[in-house]
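There are 2 protein chains.
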Amino acid sequence: MTFNSQPDLAYPMTMNSVIQHIGGHRWNGVPVLNYKEEGTHFKAISRQILFEGGPKLAAELRYFEIEPGGHSTLERHDHIHSVMVIRGRGQCLVGTTVYDITGNDLISVPTMTWHQFRATTDEPLGFICLVNIERDRPERPDADSAANLQALPVVGDFIRL
Amino acid sequence: MTFNSQPDLAYPMTMNSVIQHIGGHRWNGVPVLNYKEEGTHFKAISRQILFEGGPKLAAELRYFEIEPGGHSTLERHDHIHSVMVIRGRGQCLVGTTVYDITGNDLISVPTMTWHQFRATTDEPLGFICLVNIERDRPERPDADSAANLQALPVVGDFIRL
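Protein chains in written order, with my numbering: chain C, 89 to 249; chain V, 89 to 249.
Because the hints were derived from the structure by calculation, they are not lab data.
There's no promise every hint is true.
Identical copies go unnamed one by one, so any copy, or any two together, can satisfy a pair.
[Unchecked claim] No farther apart than 25 Å at their CA atoms in a straight line, the calculated lysine to any residue pairs in the SDA-like style are these: (1) 131 <-> 106; (2) 124 <-> 163; (3) 144 <-> 167; (4) 144 <-> 127; (5) 144 <-> 112; (6) 144 <-> 187; (7) 144 <-> 225; (8) 131 <-> 120; (9) 144 <-> 227; (10) 144 <-> 164.
Chain C extracted, bound-state conformation (with noise of 0.2 Å):
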């Protein structure tokens, strides 16, 4: 079915092109999911799928938030992430560096290196993730590499594991 009888103008009816912000980084018809499904390596942590994808866009939108004090999982993978913050403020770890981020600046997370978000203790951080639909599964650190990762300086009181 179509909208209209000109062929030039027809598009499937049945898609809403636009997905309202309700508010509070939440949207209309979009559900908060669980960061994972289980799991004592991340705290506090909540997952919305923006845009999914599919055969004409090979990559897809994420929206994830923490909690004030919550974290992401330490963790690497061959696939990349492109990061945006748009909420809040807190650190990330990437490689051996831990960097201070906030409201819109841009993260990028290159291939098997190990990273990890957390929110500050006071307001939480929210932030769009771009990757590829088909991606590998994420490794965690086994204990050679936590204790290497133990081993530096900011890096060793930063990382939860």
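Following the hints, put chain V in place on chain C, whose structure we already have.
Below, chain V alone, put in the same frame as chain C:
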């Protein structure tokens, strides 16, 4: 060259992992580009490439900013656009509908669907736009398509050719 002799922590240190937002939707070292090389079918719009994509990311993320009263080109293409408003407000045509859009709203432009973005008259409209790296060239309406669009209520008044 790597920062650390522990191979597990090595990553290319030539890359700065964080690009700071320096205010006003400008980013450290990110050039403000022309929207397109030339044309009279758009008005008062700039482009910044926030994430370029590459071997590990099949999409790129751009930031477009339209000055008050300006607009993007009315066009369509096989590839899809996934858009999030991050500054100001305005309107967009997607298919045969004109939508009001404001901060954090999400807009999906399906394949081969006419679309055009316009800022309000009193503030800029800024949005990020996610696209595949590999994509076809946009097509502008020919005389028949333009006439079909101009004949539609609301749409006819909205579009700029």
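Would you pick out the hints that fail for this structure and give their numbers low to high? Of the numbered hints, 4, 5 do not hold.
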